[in-house]
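Peer 1: Sequence order for the protein chains is W and Z. Residue 13 is where the first sequence starts when you use our numbering, and the numbers rise one by one after that. Residue 4 is where the second sequence starts when you use our numbering, and the numbers rise one by one after that.
Just so you know, the hints here were simulated from the structure itself, not pulled from any lab data. Because the structure is a prediction, the values reported are computed rather than measured. Every residue, glycine too, gets a C-beta built ideally from N, C-alpha and C. Any given hint could be a false lead.
As the list claims (entries may be wrong) - In silico negatives: residues of chain W with every beta carbon more than 12 Å from chain Z:
hint, residue
1, ARG30
2, HIS40
3, VAL43
4, LEU55
5, LEU61
6, ASP138
7, GLN166
8, ALA169
9, LEU234
10, ILE241
11, ARG276
12, GLY284
13, ARG333
14, LEU394
Claimed, not checked - For lysine-lysine, the following BS3-like pairs were computed, each having C-alpha atoms within a straight-line distance of at most 30 Å:
hint, chain 1, residue 1, chain 2, residue 2
15, Z, LYS425, W, LYS393
16, Z, LYS425, Z, LYS76
17, W, LYS305, Z, LYS190
18, Z, LYS239, W, LYS393
19, Z, LYS190, Z, LYS239
20, Z, LYS76, Z, LYS32
21, Z, LYS481, Z, LYS425
22, Z, LYS239, W, LYS305
23, Z, LYS32, Z, LYS239
24, W, LYS27, Z, LYS32
25, Z, LYS76, Z, LYS190
26, Z, LYS425, Z, LYS32
27, Z, LYS32, W, LYS393
28, W, LYS305, Z, LYS425
29, W, LYS305, W, LYS393
30, W, LYS27, W, LYS305
31, W, LYS393, W, LYS27
Spelled out, the chains give:
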Amino acid sequence: MNATERSRPRPLSAKGRRVWSLVRKETHQIVRDPSSIAVGVVLPVILILLFGYGLSLDVMNVPVAVVLEDPSPDAVELAAGFQLSPYFEARLLTSMSRARELMLARQVDGIVRIRPDFARHLSLGDAEVQILVHGTDANKARIIQIYAQGAVGQWTARRAAEGKDVAGGPVIVRDRLWFNEANDSHYFLVPGLVVLVMTLIGALLTAMVMAREWERGTLESLFVTPVRIDEVLLGKTIPYFALGMVGLSLCLLAARFLFQIPVRGSVWVLAGGSMLYLLVALGIGLLISTATKSQFVASQVTVLVSFLPAFMLSGFLFDLRSMPAVVRAITTILPARYYVAILQTVFLAGDVWGVIVPNAAVLAIMAAVVLLLSRVITRKKLD
Amino acid sequence: MSAAGGNPPVLVGRDIRKTFRRHTGDVVKALDAVSLEVGPGMLTALVGPDGAGKTTLIRLAAGLMTADTGELKVLDIDVAADPQQVQERIGYMPQRFGLYEDLSVLENLNLYADMHGVTAAERRERYPRLMEMTALGRFTDRLAGRLSGGMKQKLGLACTLVRLPELLLLDEPTVGVDPLSRRDLWKIIRQLVHDQGLTVLLSTSYLDEAERCDRSVVLQEGRVLAQGPPAELSRKAAGRTFLAEPPAGQTARGLQARLLDDPGIVDAVPEGGQVRFVRAAPEADPVASVGALQGAAVVPAQPRFEDGFMILLRGTAAAGQALAGSTILDRPPERYGDEVVIEVRDLVRRFGSFAAVDHVSFEVRPGAIFGLLGPNGAGKTTTFRMLCGLLPATSGTLRVAGVDLRQARASARQRIGYVAQKFSLYGPLSVTENLEFFASAYGLHGGRRRDRIGWAMRQFELARFARLPSEQLPGGYKQRLAMAAALLHQPEILFLDEPTSGADPLARREFWRRISALAEQGVTAIITTHFLEEAEYCDRVAIMDAGRVLAQGTPAEVRRRARPEPGRSPTMEEAFIAIVEAARHGESPHAASVGGDA
């Protein structure tokens, strides 16, 4: 085949015209086919809203009992701090036994106890605030603990700012939450969302529309024309690449204007990394469709090998470092993992080249491999 | 190309073999030592039943598959070595032309024109002619998915003709297309061959279509049985083909069944109230030594392609072996006398604002064969589903076996058997397991179930395949198993939806014999078919189009409504076209602009 192509050189424009015509055809189909719009536009929007508003890992309005055993103004001020905090729904009590009852009945998740000698100890510089947390939900308990420490810390800071000497003050070790000062889980959920949307459009949608062409026999007719297989593949890749970028833009706009999430790094780095990942996803989609040639099987396989891993094993929802070594080893072959690393860095930290370059390099190699492979295994043959 | 020179063939195949491996592991010989030639400027037909290897051969020629062994040259190019070059010069229309359903007619055409590098100037010259030819001019903006089956086929053909190919490959272009569109497609194809010198290779399972070609290649189970001008094959039946008028008091169907039993007869089919039969050997006296013909008036008939084809087929299929197929019930339905067994009055079924079935009325008497004929989308299957109680009617009366289906669907279902259009048994289950399942589903248990399954095995000669998974059954046997399963609970009414579609002529004759035998014993059969000549087996037929019954009566009455043509009696297909056209009159200028015929 190569020999004939060389012996009969054809102008590039003929090839270009065919690719352009296929791209136009695909675009018409995307615009007219409700399922493409659904996956390309509606699904990202739903995911954004769902993840943005429905799924939140934050703890808000935690019911706590504040046991105020010291009626001094300092103690009252501290108790008021809990009452005003958006993280707590504080019930002011005066007896510890009542608080214990509420805790046992699970009507409160924590107790903040301000002892009778609080004011005296404060002036001595060794004041204590006791924080008791319901520990059945370890994760939540830890968060409440940190919040409570934060509330006390804020109170101390305010006092210091007001010039009230606390003589060393109650020493409370406060964990500062790095990169998420607002303590807002949207900061890492939305970048994760970008991965999901790109995977859906790049791999799932592409696999399905290509498998549909095999299934409906549209490729059979198209094959018996001067069209080459690389032109057919380009005709699929280009429009879905564009659709993926639309999905990305939607996510970025939502991040910026709906959830006020800053992008610390450069948008161009973000776009570049996304393009690389999108190419990998497209290649995977094309590979799967050629191998299965059936929409149903293609969608199942794509969800299994690309969407679910991107969801569970990319490090966006669950921290890679907390996974067993075997699972962590598996994640090294997942493109989503490298993309998540780039996204989290660019969104939350900035253009940290030491992270971006190696991850982008892995994505580039993966893209080259899957696209070349799909070019090799897709042939104008039915047997 | 040197069309001017010694006119070398456009396609030459030598000793082509191609095998496939099924999922089950066994190997199927799709093509077995096939050699053929396609001459330039000619219309060549590949004829054969489903599974004969037609599609495989055409895909090999299009470079979409590669043969295991053998040589195939198209336009003097070795297709296996350089498929791309062949694909640039030929046109190919697969069985289901892959139109993009969400693109408009014009967008589909443009896509193919772009692929072939057709310039804007060429398009301006070519499109109007394609539109005129296909009568699609009014629909250029319509989405291809919204076209009727026939229009889709025409658009598919137009897409392959955006530039004149050096060879046009058409894989069953008329399958699933109603008779009117079939006629239009044939006009287009013949016009192209005769006016523009196009070379066409097309495959078909309709034998009458092969007769209209310049050459035919008869394929059967991957082998070439014969090739040459169709008239050559028809001549095999010369002096052996006759028409018999059944004696008074006998039906054509009855005479046909008895003729088929006679070893001296190769083929017999009902035709226009008479029976066309082919003798195994030429005979001066057509009645000689055939008892069934006593008292019948017999005249010689013009041999057809199908007659020659049957001689060939019977010659290969275990020579002299009689057709299988008489089915004897062990408990025929009780006769109701002349009471109506199915009564349909003003039946309407709407889907939204669309009336799929629009005030349909007919009656069927016990022991009759009733044929429901019509193009795709005419409402046949919807009517069927309502009769079987699978779909509620919007309005109208529907009585089956004396039971109003609106009130007592379950009790009516016990008395009917249903054979669906596609093979709807459980493929991985064996023949026995399928029968056992259906017997239980109909509430048969213990000894009764054993008896009924034993009966089915005997009557349908399934015993030797008893343990074979039913998906591996040979085509004709799948059909038998489906019928056996539908008869297990001894229904008095049998519904069959397109039972003969895709079957070879032998299997079709066998099927009709069974149905005739069942009808003789009192079973009522309602059948849909798109082989219009099969209407001759029916006692009464109804012709449906667009949800309405256009004509109803005995086959002879319906045939009389055809436009008379001098010199011969009209066929059922001509009658059908005349009736549907008259009904659609004014609605669409159907192919009115398609000009001259050869």
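Peer 1: Does each hint fit the structure? Answer for all of them.
Peer 2: Here is what the structure says about each hint:
1. For ARG30(W), the condition that its CB be more than 12 Å from all CB atoms of chain Z is violated, with the nearest at approximately 6 Å.
2. Taking the minimum C-beta to C-beta distance to chain Z, about 6 Å, the non-interface status of HIS40(W) is violated against the 12 Å cut.
3. A cut-off of 12 Å between C-beta atoms contradicts the statement that VAL43(W) is not in contact with chain Z; the least separation is 9 Å.
4. At roughly 19 Å from the closest C-beta of chain Z, the C-beta of LEU55(W) stays outside 12 Å, upholding its exclusion from the interface.
5. Every Cβ of chain Z is farther than 12 Å from the Cβ of LEU61(W); the closest lies at roughly 28 Å, confirming the non-interface assignment.
6. No Cβ of chain Z approaches the Cβ of ASP138(W) within 12 Å, the least distance being about 76 Å, so the stated non-interface status holds.
7. At the 12 Å boundary, the C-beta of GLN166(W) stays outside the reach of chain Z, the nearest C-beta of that chain being 59 Å off.
8. The Cβ of ALA169(W) sits about 63 Å from the closest Cβ of chain Z, beyond the 12 Å cut-off, so the non-interface label holds.
9. For LEU234(W), the shortest C-beta to C-beta distance to chain Z comes to about 7 Å, within the 12 Å cut-off, and the non-interface label is violated.
10. Non-interface call for ILE241(W) relative to chain Z: violated, since the shortest CB-CB distance, roughly 10 Å, does not exceed 12 Å.
11. Every Cβ of chain Z is farther than 12 Å from the Cβ of ARG276(W); the closest lies at roughly 43 Å, confirming the non-interface assignment.
12. No Cβ of chain Z comes within 12 Å of the Cβ of GLY284(W); the nearest lies about 32 Å off, and the non-interface call holds.
13. Every CB of chain Z is more than 12 Å from the CB of ARG333(W) (nearest about 45 Å), matching its label as outside the interface.
14. The claim that LEU394(W) is not at the interface with chain Z is violated, since a C-beta of that chain comes within 12 Å of its own (minimum 5 Å).
15. Under the criterion of a C-alpha separation no larger than 30 Å, the hint pairing LYS425(Z) with LYS393(W) is consistent with the structure, at around 28 Å.
16. Proposed proximity of LYS425(Z) and LYS76(Z) is contradicted: the alpha carbons are some 37 Å apart, above 30 Å.
17. Proximity of LYS305(W) to LYS190(Z) is assessed by CA-CA distance (about 36 Å); at most 30 Å being required, the pair is judged violated.
18. Among the hinted pairs, LYS239(Z) with LYS393(W) is inconsistent with the structure: their alpha-carbon atoms are about 40 Å apart, more than 30 Å.
19. With a C-alpha separation of about 28 Å, the suggested pair LYS190(Z) and LYS239(Z) falls inside the 30 Å cut-off, and the hint holds.
20. This hinted pair checks out: LYS76(Z) and LYS32(Z) have alpha carbons roughly 21 Å apart, not beyond 30 Å.
21. Only pairs whose Cα atoms come within 30 Å are accepted, and LYS481(Z) paired with LYS425(Z) is accepted, the gap being roughly 10 Å.
22. Note on LYS239(Z) and LYS305(W): the hinted pairing is violated, with a Cα-Cα distance of about 46 Å set against a maximum of 30 Å.
23. Under the criterion of a C-alpha separation no larger than 30 Å, the hint pairing LYS32(Z) with LYS239(Z) is consistent with the structure, at around 28 Å.
24. With a C-alpha separation of about 39 Å, the suggested pairing of LYS27(W) with LYS32(Z) is violated against the 30 Å cut-off.
25. A C-alpha spacing of about 29 Å is found between LYS76(Z) and LYS190(Z), which places the hinted pair at or below 30 Å, so the restraint holds.
26. The straight-line distance between the Cα atoms of LYS425(Z) and LYS32(Z) is roughly 24 Å, inside the 30 Å bound, and the hint therefore holds.
27. A distance of roughly 19 Å separates the Cα atoms of LYS32(Z) and LYS393(W); the hinted pair therefore holds under the 30 Å criterion.
28. Proposed proximity of LYS305(W) and LYS425(Z) is supported: the alpha carbons are some 23 Å apart, at most 30 Å.
29. Between LYS305(W) and LYS393(W) the CA atoms are separated by roughly 12 Å; this keeps the pair inside 30 Å, and the hint holds.
30. Restraint check for LYS27(W) and LYS305(W): satisfied, since their Cα atoms lie roughly 25 Å apart, inside the 30 Å limit.
31. Pair hint LYS393(W) plus LYS27(W) holds up; C-alpha atoms about 20 Å apart against a cutoff of 30 Å.
Hint check: violations occur at hints 1, 2, 3, 9, 10, 14, 16, 17, 18, 22 and 24; the rest are consistent with the structure.
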